[in-house]
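Visitor: Position chain B relative to chain U; hints supplied.
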Amino acid sequence: MSEDDEDQSPATDLRSQPPCSPNKSRNCISSSQTFPDHVLENVLENVLQFLDSRCDRNAASLVCKLWWKVEGLTRSEVFIGNCYALSPARLTQRFKRVRSLLLKGKPRFADFNLMPADWGANFAPWVSTMAKAYPWLEKVDLKRMFVTDDDLALLAESFPGFKELILVCCEGFGTSGIAVVANKCRKLKVLDLIESDVTDDEVDWVSCFPEDVTCLESLAFDCVEAPINFKALEGLVGRSPLLRKLRLNRFVSLEEVHRLLLLGAPQLTSLGTGSFSRGDQSQQEPPDYAAAFRACKSVVCLSGFRELMPEYLPAILPVCANLTSLNFSYANISPDMFKPIIHNCHKLQIFWALDSICDEGLQAVAATCKELRELRIFPFDPREDTEGPVSELGLQAISEGCRKLESLLYFCQHMTNAALIAMSHNCPELTVFRLCIMGRLRPDHVTGKAMDEGFGAIVKNCKKLTRLAVSGLLTDQAFRYMGEYGKLIRTLSVAFAGDSDMALRHVLEGCPRLQKLEIRDSPFGDVALRSGMHRYYNMRFVWMSACRLTMGCCKDVARAMPNLVVEVIGSDDDDVNRDYVETLYMYRSLDGPRKDAPQFVTIL
Amino acid sequence: MEQLINLKETELCLGLPGGPDPVETPTKSCLRNKRGFSEIVELKLGLHSTKQGSVDLNVAGAPKEKTLHKDPSKPPAKAQVVGWPPVRNYRKSVMTHQKCSEVEEASSDRGGGTVAFVKVSMDGAPYLRKVDLKMYKSYKELSDALAKMFSSFTMGSYGAQGMIDFMNESKVMDLVNSSAYVPSYEDKDGDWMLVGDVPWPMFIESCKRLRIMKGSEAIGLGTFSSLFISLSDSVLL
Numbered sequence: 000m001s002e003d004d005e006d007q008s009p010a011t012d013l014r015s016q017p018p019c020s021p022n023k024s025r026n027c028i029s030s031s032q033t034f035p036d037h038v039l040e041n042v043l044e045n046v047l048q049f050l051d052s053r054c055d056r057n058a059a060s061l062v063c064k065l066w067w068k069v070e071g072l073t074r075s076e077v078f079i080g081n082c083y084a085l086s087p088a089r090l091t092q093r094f095k096r097v098r099s100l101l102l103k104g105k106p107r108f109a110d111f112n113l114m115p116a117d118w119g120a121n122f123a124p125w126v127s128t129m130a131k132a133y134p135w136l137e138k139v140d141l142k143r144m145f146v147t148d149d150d151l152a153l154l155a156e157s158f159p160g161f162k163e164l165i166l167v168c169c170e171g172f173g174t175s176g177i178a179v180v181a182n183k184c185r186k187l188k189v190l191d192l193i194e195s196d197v198t199d200d201e202v203d204w205v206s207c208f209p210e211d212v213t214c215l216e217s218l219a220f221d222c223v224e225a226p227i228n229f230k231a232l233e234g235l236v237g238r239s240p241l242l243r244k245l246r247l248n249r250f251v252s253l254e255e256v257h258r259l260l261l262l263g264a265p266q267l268t269s270l271g272t273g274s275f276s277r278g279d280q281s282q283q284e285p286p287d288y289a290a291a292f293r294a295c296k297s298v299v300c301l302s303g304f305r306e307l308m309p310e311y312l313p314a315i316l317p318v319c320a321n322l323t324s325l326n327f328s329y330a331n332i333s334p335d336m337f338k339p340i341i342h343n344c345h346k347l348q349i350f351w352a353l354d355s356i357c358d359e360g361l362q363a364v365a366a367t368c369k370e371l372r373e374l375r376i377f378p379f380d381p382r383e384d385t386e387g388p389v390s391e392l393g394l395q396a397i398s399e400g401c402r403k404l405e406s407l408l409y410f411c412q413h414m415t416n417a418a419l420i421a422m423s424h425n426c427p428e429l430t431v432f433r434l435c436i437m438g439r440l441r442p443d444h445v446t447g448k449a450m451d452e453g454f455g456a457i458v459k460n461c462k463k464l465t466r467l468a469v470s471g472l473l474t475d476q477a478f479r480y481m482g483e484y485g486k487l488i489r490t491l492s493v494a495f496a497g498d499s500d501m502a503l504r505h506v507l508e509g510c511p512r513l514q515k516l517e518i519r520d521s522p523f524g525d526v527a528l529r530s531g532m533h534r535y536y537n538m539r540f541v542w543m544s545a546c547r548l549t550m551g552c553c554k555d556v557a558r559a560m561p562n563l564v565v566e567v568i569g570s571d572d573d574d575v576n577r578d579y580v581e582t583l584y585m586y587r588s589l590d591g592p593r594k595d596a597p598q599f600v601t602i603l
Numbered sequence: 000m001e002q003l004i005n006l007k008e009t010e011l012c013l014g015l016p017g018g019p020d021p022v023e024t025p026t027k028s029c030l031r032n033k034r035g036f037s038e039i040v041e042l043k044l045g046l047h048s049t050k051q052g053s054v055d056l057n058v059a060g061a062p063k064e065k066t067l068h069k070d071p072s073k074p075p076a077k078a079q080v081v082g083w084p085p086v087r088n089y090r091k092s093v094m095t096h097q098k099c100s101e102v103e104e105a106s107s108d109r110g111g112g113t114v115a116f117v118k119v120s121m122d123g124a125p126y127l128r129k130v131d132l133k134m135y136k137s138y139k140e141l142s143d144a145l146a147k148m149f150s151s152f153t154m155g156s157y158g159a160q161g162m163i164d165f166m167n168e169s170k171v172m173d174l175v176n177s178s179a180y181v182p183s184y185e186d187k188d189g190d191w192m193l194v195g196d197v198p199w200p201m202f203i204e205s206c207k208r209l210r211i212m213k214g215s216e217a218i219g220l221g222t223f224s225s226l227f228i229s230l231s232d233s234v235l236l
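Protein sequences appear in the order of chains U and B. For what it's worth, numbering that gives the first Met the number 0 labels the leading residue of the first sequence as 0, then goes sequentially. For what it's worth, numbering that gives the first Met the number 0 labels the leading residue of the second sequence as 0, then goes sequentially.
Hints in this document: simulated from the structure, not taken from any laboratory. Please note that the accuracy of each hint is not assured.
[What the hints assert, rightly or not] No farther apart than 16 Å at their CA atoms in a straight line, the calculated lysine to aspartate or glutamate pairs in the EDC-like style are these:
| hint | chain 1 | residue 1 | chain 2 | residue 2 |
| --- | --- | --- | --- | --- |
| 1 | B | LYS91 | U | ASP380 |
| 2 | B | LYS91 | U | ASP110 |
| 3 | B | LYS91 | U | GLU194 |
| 4 | B | LYS91 | U | GLU383 |
[As the list claims (entries may be wrong)] Label pairs and their in silico Cβ distance ranges:
| hint | chain 1 | residue 1 | chain 2 | residue 2 | range |
| --- | --- | --- | --- | --- | --- |
| 5 | U | GLY551 | B | THR95 | 41 to 51 Å |
| 6 | U | GLU156 | B | ARG87 | 24 to 34 Å |
| 7 | U | ASP578 | B | ARG87 | 28 to 38 Å |
| 8 | B | GLY189 | U | SER333 | 12 to 22 Å |
| 9 | U | PRO561 | B | LYS98 | 45 to 55 Å |
[To be verified] Only part of the chain U face toward chain B is listed, based on derived beta-carbon distances under 10 Å:
| hint | residue |
| --- | --- |
| 10 | ASN112 |
| 11 | GLU194 |
| 12 | ARG305 |
Note that the coordinates shown come from a computational prediction; the quantities given were computed from them, not determined experimentally. Built from N, CA and C at the ideal position, the CB exists for glycine as well.
Chain U on its own, in the form it takes in the complex:
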């Protein structure tokens, strides 16, 4: 999931008038003197259509009016990082031939209940506008959007050539919406439902796929909390010769996985194993699961294990040597169970797991997985005051063994500066560093000092760092380091950290590439907020909750920056202290404040 610059990195990019008139551009003038415009346009179209990267396209669109226009005609894939940064109408006005849309809605902190439900990010206006403008639409990829069954129905009916639907962390729909998509989108290649909240409408959606051979290449429904018709699934897999990725939900048992693998194992590259436990306990002789996995010659990505029966885990051994991606993060696996498995995974690049594997398990990873690029360790018991099974020992081991590490997400109870400093030296390729010391305000548990030096070393030595999430006891010094060294940081997450406004000022003044800033429960106030005004038009959003902001200051900011939408989200019982801002969420927008804000949102 790359995080390139969004569609409109300079805010002026999408004005209806292009930035420079033809008179100012030498190239255009000289060309138009010798060739008619429409010829030039055709040439440009043929050239620009090869530009894929949206950064390149954004740059090309700034050259001159002609290039702006032609780029708009040839852009087929549009990325919108904040659905409220512009209206659907503006999208369809500027880009005429869009085939693929990637749209993101709610801010990330909404995942942690920091935002009330029904805040917005509705897909409805987008799908209805695009239904008229882009009948050729093929792909929709949504993250944190509110999508209804009606939206899905409209999508299925409006786009006959529709091929790919990806819904990540979305909600608002159920199995009936999925059924409509399955049934009406005859060219469907990808149906990926990832970590979304799908209501069980008791609809047999698997049976709704068309009877004949399908185009399905990827089907992921591990988040669907509803039983499925296994016979129908078997039939579907049987008539989907192009199927490469299959991620099953926990209602699919080991025996059923076994049967599916016998059907289509050799083509599969990615498998989500469902529950990984036996459904039918009465059989004395379980089938040979290892044989089924042996048939998975192409599987490089393995996930699932939603209700793992550990005695069957060794069945996956035949595929371990090929695995580049392994997700154990829903399986409570002990180090003893884990070590024999990981010992075989020499090619592993992406590894997600629960902290139940302990420091010991991480040491095993470090010893074997020399190609590791991404590591995520989630807490089995996500509370603050428990004894954590992973600590700085595991992190140290990883830093020493996995030198190519690029991305880290690590939940733990205890950490030391020394381990972070070591990692900063051992893993220079780090671009994403997210450490969550679960106890709030915890210092280095060996020295008792704040975690400033550790995070300071990370920002200083990891020169490619673009994403940082900090935790533990942090003073303003840590932020001073961030401002001084974090020149490439685009995303910063802060919680329960810092001493004063200066901390935030360091960051706002020192990090020129900062795009996404999310802060909670930190002592930053009006002075800090004002110090960033030169930056907010160049950022995607700023989130500050439970800080020290006042309504007065937020209003000043809103007044001074007309293209910034300043939302204050709070409960009504703040009558006593109306000046206090519980949650501030602000973002640039080309089309002014949204019209669908609920009651608890005040737009200043």
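Guide: Here is chain B on its own, set in the frame of chain U:
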């Protein structure tokens, strides 16, 4: 610094009250140490459940700290802050569901095919053992098996015979006050009970793990008194 202290003041913990120390040291911090068994018993009996884990209340309103103490006489556990640690709701609900069904798995009586492995720890023993409760049909069988398993570890005048004869109430009474061993188990609700209270089938359904503890430590287990009050038939064999 003032801000830091304010934040710390809102932190509730089980330790001694004292002046707010801006920098927590490991020795002082009360919650860092592994909870002793008796603390767990107290907590579980007092608070009824420390499985507060995923209680991030999805309240339409400002995120405030919510305290969850149910018994005012017991010190409250550290307040659970909304949305912290930052684990997605989706993940939390999957894990919660799993934890519930793991318990169900261990305790459900599905017949010969299932196993009901529980960990057995014994005070003073160097490592844990595991037993499959389904392999035994009565407390007596279990008792014999455990005796064999841990016979090498018991010291003093009670050798293999030192394993409690669960059936004999008076012996239990004697031995509780001595240094011999008493078997206890953790049930579905997380409470620690003395082995032998309930009928055997109910026991294997609800037992999550076993601990064979020193007799002297068994005092204070809330359910000890039930041994005197009610003993089911199977126990009285």
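Visitor: Does each hint fit the structure? Answer for all of them.
Guide: Status of each hint after checking the structure:
1. Distance check on the hinted pair: LYS91 of chain B and ASP380 of chain U sit about 9 Å apart at the alpha-carbon level, within 16 Å; holds.
2. Restraint check for LYS91 of chain B and ASP110 of chain U: satisfied, since their Cα atoms lie roughly 11 Å apart, inside the 16 Å limit.
3. Distance check on the hinted pair: LYS91 of chain B and GLU194 of chain U sit about 11 Å apart at the alpha-carbon level, within 16 Å; holds.
4. Between LYS91 of chain B and GLU383 of chain U the alpha-carbon distance is near 14 Å, which keeps this suggested pair within the 16 Å criterion.
5. Evaluation of the 41 to 51 Å hint for GLY551 of chain U and THR95 of chain B yields a pass: the beta carbon distance comes to about 42 Å.
6. In this structure, GLU156 of chain U and ARG87 of chain B meet the distance hint of 24 to 34 Å, their C-beta atoms being roughly 32 Å apart.
7. Take ASP578 of chain U and ARG87 of chain B: their Cβ atoms lie about 33 Å apart, and the range 28 to 38 Å holds.
8. Checked against the hint of 12 to 22 Å, the C-beta distance between GLY189 of chain B and SER333 of chain U comes to roughly 20 Å, which is consistent with it.
9. The hinted window of 45 to 55 Å between PRO561 of chain U and LYS98 of chain B holds, with their beta carbons roughly 50 Å apart.
10. Hint status for ASN112 of chain U relative to chain B: holds, with the closest Cβ pair at about 5 Å, below 10 Å.
11. Satisfaction of the interface hint for GLU194 of chain U is found here, the shortest Cβ-Cβ separation to chain B being roughly 5 Å, below the 10 Å cut-off.
12. Hint status for ARG305 of chain U relative to chain B: holds, with the closest Cβ pair at about 7 Å, below 10 Å.
Of the numbered hints listed earlier, not one is contradicted by the structure.
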